[in-house]
Amino acid sequence: MKIILSELKKFLPELKVESTKLRDDLTMIGHFTNFFEEIENETVFDLDIKVNRGDCLGYYGLARDLSVFYNIDLKLPFSREVRPQDGVGFLPIEIKTDKVTRVMAIKLSGLKNSKSPKWLQDFLKYHGSKSINTIVDLTNYIMFLYGIPNHAFDTAKSTDNLIWEINSKFKEFTSLDGSKLTLNNEILMINNPNKALSLSFWGGESCSIDLTTTETIIELAIYDRTTVRQNSRQLKSVTEASVRLEKDLDPELIPQAFNHLINLILENCDGQITSQLFDHYPNKITPPQIEFDPQKPSLVSGIEIPVNFSIDCLTRLGCQSDIQHLTSDILITPPSIRKDISIEADLIEEVIRFWGYYKIPTNEPLDFKNLPDITPPEIYLIESLKDQLIDLGYDEILSWPLVTTPTNQKTVITTENSINSEAIYLRQSLIPSLTQQLDQYTRFKLPEPQFFEIGKVFSKEGNKYIEKNSLALYNVDQNKLISDLQQLKLEGKIINDNFFEIIIDNLPKPKKYIPQLIKNNAVELNSQIITLDANLTLDTKEDSIKLIEKYSKIIGSEFLWKLIITDIYQDSKNSQYKYTFQASYFNLDDKKAKNLHLKSFNLL
Amino acid sequence: MNQNLEAIKNQYIDKIAALKTDKELESLRIELFGRNGLINNLFSKIKDIAPQEKKQYGADLNQLKTKLETSLLSKNVQKSEKLTSEKLTSTIFGLPKIGHLHPITQTERQLNEVFRKLGFSVYNSPEIVADEFNFTRLNVPKDHPARDMQDSIYIKEPDYLLRTQTSAIESYLLFQKNKDLPLRAAFPGSVFRNEKVNRSNHFVFHQYQAVVVDKNVTIKDLIGTMDLMFKTLYGQGVVVRYRSKYYPEVAPGVGPDMQCFNCHGVGCPLCKYAGWIEMGGSGMIHPKVLEMASIDPNIWSGFAFGMGLDRWTMAQKNIKDIRTLMGGNLAYRPNEL
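Each protein sequence line maps, in turn, to chains A and B.
For the first sequence, this note's numbering begins at 1 and goes up steadily by one.
For the second sequence, this note's numbering begins at 605 and goes up steadily by one.
Next comes chain B alone, as it looks inside the complex (with noise of 0.2 angstroms):
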């Protein structure tokens, strides 16, 4: 930090260490956030700073503010009322402070716990990947119109990018496990979609995975664990069908819909009069999928299904806007009151 910033802030978090009364911090307040108080008088002075200084001077600033605000902000002072009485403790009653699991990671645990339960295990893979893992060795060669289901944030167009499913981890699993069969992982994790931040879209959002290799895996073991896995997030009262659907990592493939929980199928705007909301996909492993893994589809198949976490973690918390699960005004009441 530019040393008379730091001057400053020695200065001045002596001075709030040393308050007494409400009075005193209130006067103290008015001298550093006042209208012409000191840290604006010090943004003023932006401008005849050295231009190859300003952006540090800035950020040096900024993090003077923050500090002094939050200071000023957790400084428990004596109210300044005239009393005829007598204090009888200093300790400030309160129930304790709490901490807070993010909402993502509480689904993913209770997801977690579900397959656990079934002998799965837990899997992860990077996050950039190569085209091949994220792509090719997914059914989806170079120039597939599958592609256009997703729009990839390149870090090295077109070799590596930042993974847009889930399913890379899958390439990942099949490709490094591929001797330790059978096998049964799950497997959450951030995707990445070239997509403009805004109140309904994000370019990171969170999706859960599991997979199944073994002999004689069927459409029946899919279903059945994927409706598990709904009833778990849900409830028991959830209708959800199954339908026909494609995704090249899969054949047969098939579509959860859940009844829209808003108009209960009847057809509203939320699932756009359909009334029901697509809740993801999943199929058996495409026999492709499994030998370009070098698995003989012959003698093991597979299932995968995977969904996103993100839409439903707001509907359940009540968020509106899906910026604020990563790094916006997402906040925890520090006890459960």
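Bound conformation, chain A alone (with noise of 0.2 angstroms):
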């Protein structure tokens, strides 16, 4: 979410800190902040907002926590209470559904509207939304004010008959942008009795406002929110709207968003109210009331956080208590804009997150707790058997669980939606991914390949879903993997000569086992790695391990990715010795390759 700081600084005029500051605040508080940027003497944020602070998606709601932790004075902008001129009718506004938690509604006439002001026309693009015209920019302004979303019906094309429902009888709705979308019978809507108007969530093209509007219903609501976000799923839209009727927000605000908004406009657009206020609000919700230790705070953050700050903070966050005692629970009612505080987990969460936990020291980890020991046998089981390969000369890799074709077409489970279309399968077995491994190191020129993988593979025996751990082995050299494979007490058949799997469930499991702590290197390879020779003529004979630690030095570790001697030979005339090195090199073209290898040989 974007947010503008001189709009933040009408919400909090005390507010004097640096942008960086303020980000890092933001961030520290529960509202990680990407970014700042300056855009024409504006300082702009982008936020995220976590799912369980809708309030947060309104400048209003930030500027509470702000407030809060900056110990300034919050300050709500000026609306005069609406109040229609006695005599003007009642709209026919119907409610059939007990989906609608809120709504207020009033008719405005004799409108003006026209292109938006500058400072709207800034405001939204700084939000990243387009200007409309100034009675839609005004409703989308006070959106973003308040995270209520509110919509705007031009009534010579609504007629004022409008009616909430579950839509029973429209097949197709058309978007303010033109997108067409098909409706079944599980939408929320808001119609009249011939059209279908506008989604709970998004506005109707078909009442849209425009600059020949002189006559509108403007209405608030706030929806049964999982309605709204079933509602969104089915239809493949979001909006900023459905964004933020999908999380919990405050009737309550509604009232004062309303009266902001009614009074923009007509100190905007000119016009009168036309209609009596309506206000459908049945059952009111009333906040918990929640046991709290002011003790709690300092214990579950094991460090002393003063009671009177535990207090004063919740206060200022706009709880209500019944204090009699600091050192007895107080039974304490959240203000009804914060829907995520519910239990005494969530206000002791409160008052830690306005302490700070840079304050936590970080250096004081648990203690050693001799516990029983619940790792299950079959962990120890593939740690054993990873080191007894390592130490035979195997490498571990690791491969997709989901493959393209299935090893048995009646036990493979299939995943419904990846999006991964070549790879819906879950494996049935290892080798295939072995083969495929076996296929890159090829490609890749890699000299004689030997490696494992231990990993879950998957069946369906009628309802229920196995997993089984396997593992599974390849070895370029056939008589090496069996004289391996006997090593390992592995008994089985060889696979297309020179793989091996097995399923190790049922083999026998250490009843403790500390693995190996092994560091060793892993290499991104890109291309093919390249193998030349070298013939060094030498006066005396040389140790050949130390021949070939001296070239390895002086090639480097960067590219050099095996060194070995093939021949040695004595040179019966001259009595020199003749040494053959073949060098591979990676991650190099053939060019750079046999430079390198000139040079290191000092064959130039």
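Since the hints were derived computationally from the structure, they do not count as laboratory data.
The structure displayed is predicted, hence computed values, not measured ones.
Where a beta carbon is used, it is the ideal one built from N, C-alpha and C, also for glycine.
Check the hints yourself; a few may be wrong.
Claimed, not checked - Pair by pair, the computed Cβ-Cβ distance ranges are:
(1) B:K924 <-> A:L211: 14 to 22 angstroms
(2) A:D367 <-> B:E940: 35 to 43 angstroms
(3) B:N666 <-> A:D367: 35 to 43 angstroms
(4) A:K21 <-> B:Y758: 17 to 25 angstroms
(5) B:I634 <-> A:D391: 23 to 31 angstroms
(6) B:H868 <-> A:I518: 27 to 35 angstroms
(7) B:C872 <-> A:D98: 46 to 54 angstroms
(8) A:K284 <-> B:E736: 29 to 37 angstroms
(9) B:E736 <-> A:D98: 27 to 35 angstroms
(10) A:E558 <-> B:T740: 29 to 37 angstroms
(11) A:T405 <-> B:C872: 38 to 46 angstroms
Claimed, not checked - Some but not every residue of chain B turned toward chain A, in silico, with C-beta under 7 angstroms:
(12) D825
(13) K835
(14) R937
Bring the two chains, given one by one in their own frames, into a single complex with the hints.
Have a look at this one:
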């Protein structure tokens, strides 16, 4: 969500921190701020608002948090209460569903709509919204300010007969941007008897406000959030309104936002109120009463947090309390806007986040505690097998658990919605993955591959999903594979000459096993390994391994894959020794590998 | 394998075994893999195979190709220079081939060791999970917007899915061991999200999580233990800040951020100019999560924290493409030169 500093300061006139500090402080109290940028003398912040804080999808909610954090006053924008004149009629609105939590509506007439003033256009631009006209832009402005979506209907198109209902008769809906959506019978809508007018979270083209609009019904509403979320998913449509309406919003905030919006429209577009106020709020929500032990923030955090701070913090957050004694439990009623506070742990969290996590020491980990070992034995088996295989010279690989081709069509488990359409089956064997790995190594001309994988394989028996731990091996040298299997005491059939696989769940398991701590190399290959020979003539016979170490050092480890001596000859004529080295290079092209090779063996 | 291809394989394996010199080897390589070689000829004949047999034939042919390629590659032959000298030995000298652990396993073991020393067991649970264990028991009921934080891969929507987080293992742990309190467990695990696979994203990645349930557990214990983990991985000099962060399964929730190792907090493209990199999530186990596991939150409390392993492992091994970690072009130098 974007916020701009000048607008935030309207709520917090005493806010005087640097932008960098504001970014960091917002983050520390739970509103991760990715960055801020200066645009045309304005500072724009980009925040991640978490799903439990629907109240912070508007400036007002964020400003409340910051007023507590900085201990400064929160100022609400001045808005006259909307008071229709005597004698104006009632709106013929019908609410036919219990999915409407609260809706306030009123009719305005004699309006002069126009292009928006520059401040409003700029505000929307900073928030990534397009300016349409003054009335529409003001409805969006109020949504950004309070986090409550709202809507304006052009009554010349919609009539006054608005009906909130679960759709039962309309098949299609065209949104404000012209998108055509197919409706079903679960969609919460605002209609008139003849037309589909609006979704709960997206206005419709059929009653849109334009520059000729002179009369409108303005409504602010909050709905059953699950219904909005389901509708948004069913219609595959996410809007600024749906993002807010599927959170827990505060119906008690509607009058403030409503008054503000109506005042702004009347100020900017003239006109007058021509209906009574419609306010449907059948089930007034009562905030919970929570028993709070003021010592708990200290007990939970592990550091001393003064009780007075806890009480003061909660009071500044707008909590009501029946404080009798600071030593006993207090009954706390959180403000209605804070839907995320429902149990004592939430109150404790509030106190600690404003006290500051940075005050908690970072150098006091848990002490050792001797507890019964609940490690499943198969974990010890897997670790033990891995170590044995490493000792035998095998490399561990990991492969995709989702594969393109089933091994057994009858028992394969198929994913229902994988967006990687080429891999939708859960693997039933590790061999296809190892074969793919071998293909890859062959393409890279990797010498003498021998590798293994231990991983889950999956199958279905009736309605049961079966997971088993499997071990698969590949060795280019079949004889070594056979002797290694004997050493590991693994019995089974060798597949395609060089592969082996076994389900390990039934193998004997060690009671306990502490695996080796190994830090070994691993390389991301980007091109073929290039192998080159070098013939060197030496006057004396040298130790071969020392020669390998010497030339390995000269070549350097950055590009050298492997270095061996393949031949040693003694020249009978002049008593010299000829050594043939074979050096393999990686992540180098032919030319660079050759240059490095010639330079290293002094063959230039 | 197709009988004809099997016969060809056996014939050429024998020929490869009989090779003596590099000239013979090159000649056989051309015979097999040259532009007009046997393998290309066999591939060109796929069009003549009956449609129902094509797929199997193609697979067999690929297998044959791989087999012959690897056999040729691993064949050591005598060099064909004209020698006036006497060969001293037939032994090939080199450092011994050593086996290697996958970098993810190395990191997992490193962390397991840290926690083992604090009395933690290592734990695991199935990768196919019921919705109940992946979400509901973690305080994320159906249609809760927190579910949008994770795109799930379903086996049978909405009941069964591939676990999206190692917190699913925590659900099993609390459910299965609720009579064995206090407990300490750590668990590495693969988790799955419905992401398109590309250079930066994968549908499967690796997380590490640790859980404690005991009496009088505090956030100080959590932060101190988490900090120990970060210092083990990143070194004593690592700068980590702890802040408020929401996760439905914890309250209070704590987010660790590491100061960007690239810009040291100044802001750069790597950290998206924040100066900090989000390292995972943690917090005190939510009382509702304990209650759902039949653990009395008035007696017991606990903490949980988790982090991703892939990015860290990639940075440590200088791996640029996340696909490399899973069946890609990850390889190991045969010995430490």
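### Query
Quick one, is the D825 (chain B) hint okay against chain A at 7 angstroms, beta carbons?
holds, 5 angstroms
### Query
K21 (chain A) and Y758 (chain B), beta-carbon distance inside 17 to 25 angstroms?
Violated, since K21 (chain A) and Y758 (chain B) (Cβ atoms, about 44 angstroms apart) do not stay within the stated range.
### Task
Please test the hint of 23 to 31 angstroms on the beta carbon pair from I634 (chain B) and D391 (chain A).
About 39 angstroms separates the Cβ atoms of I634 (chain B) and D391 (chain A), which means 23 to 31 angstroms is violated.
### Query
That 46 to 54 angstroms hint for C872 (chain B) and D98 (chain A) (C-beta), does it hold up?
holds, 52 angstroms
### Message
Can you verify the interface hint for R937 (chain B): is its Cβ closer than 7 angstroms to any Cβ in chain A?
### Response
Result: holds, 5 angstroms to nearest chain A Cβ.
### Task
Using the beta carbons of N666 (chain B) and D367 (chain A), state whether their distance is inside 35 to 43 angstroms or not.
At roughly 57 angstroms between Cβ atoms, D367 (chain A) and N666 (chain B) fall outside 35 to 43 angstroms, so the hint is violated.
### Agreement of hint K835 (chain B) with chain A interface, Cβ distance less than 7 angstroms
Constraint on K835 (chain B) not satisfied, violated at 9 angstroms.
### Task
Could you check the hint for me, namely that E736 (chain B) and D98 (chain A) are 27 to 35 angstroms apart, CB to CB?
Taking Cβ atoms as reference, E736 (chain B) and D98 (chain A) lie about 28 angstroms apart, which means the hint holds.
### Whether the CB-CB distance between E558 (chain A) and T740 (chain B) falls inside 29 to 37 angstroms
Violated, since E558 (chain A) and T740 (chain B) (Cβ atoms, about 51 angstroms apart) do not stay within the stated range.
### Query
Within 27 to 35 angstroms or not, the Cβ separation of H868 (chain B) and I518 (chain A)?
Once the Cβ atoms are compared, 31 angstroms apart, the range 27 to 35 angstroms for I518 (chain A) and H868 (chain B) holds.
### Query
Does the Cβ pair D367 (chain A), E940 (chain B) satisfy 35 to 43 angstroms?
Roughly 37 angstroms apart at Cβ, these two residues keep to the hinted range, so it holds.
### Task
Note whether the CB distance of T405 (chain A) and C872 (chain B) lies within 38 to 46 angstroms or breaks it.
holds, 43 angstroms
Checked against the numbered hints above, the structure breaks hints 1, 3, 4, 5, 10 and 13 and satisfies the rest.
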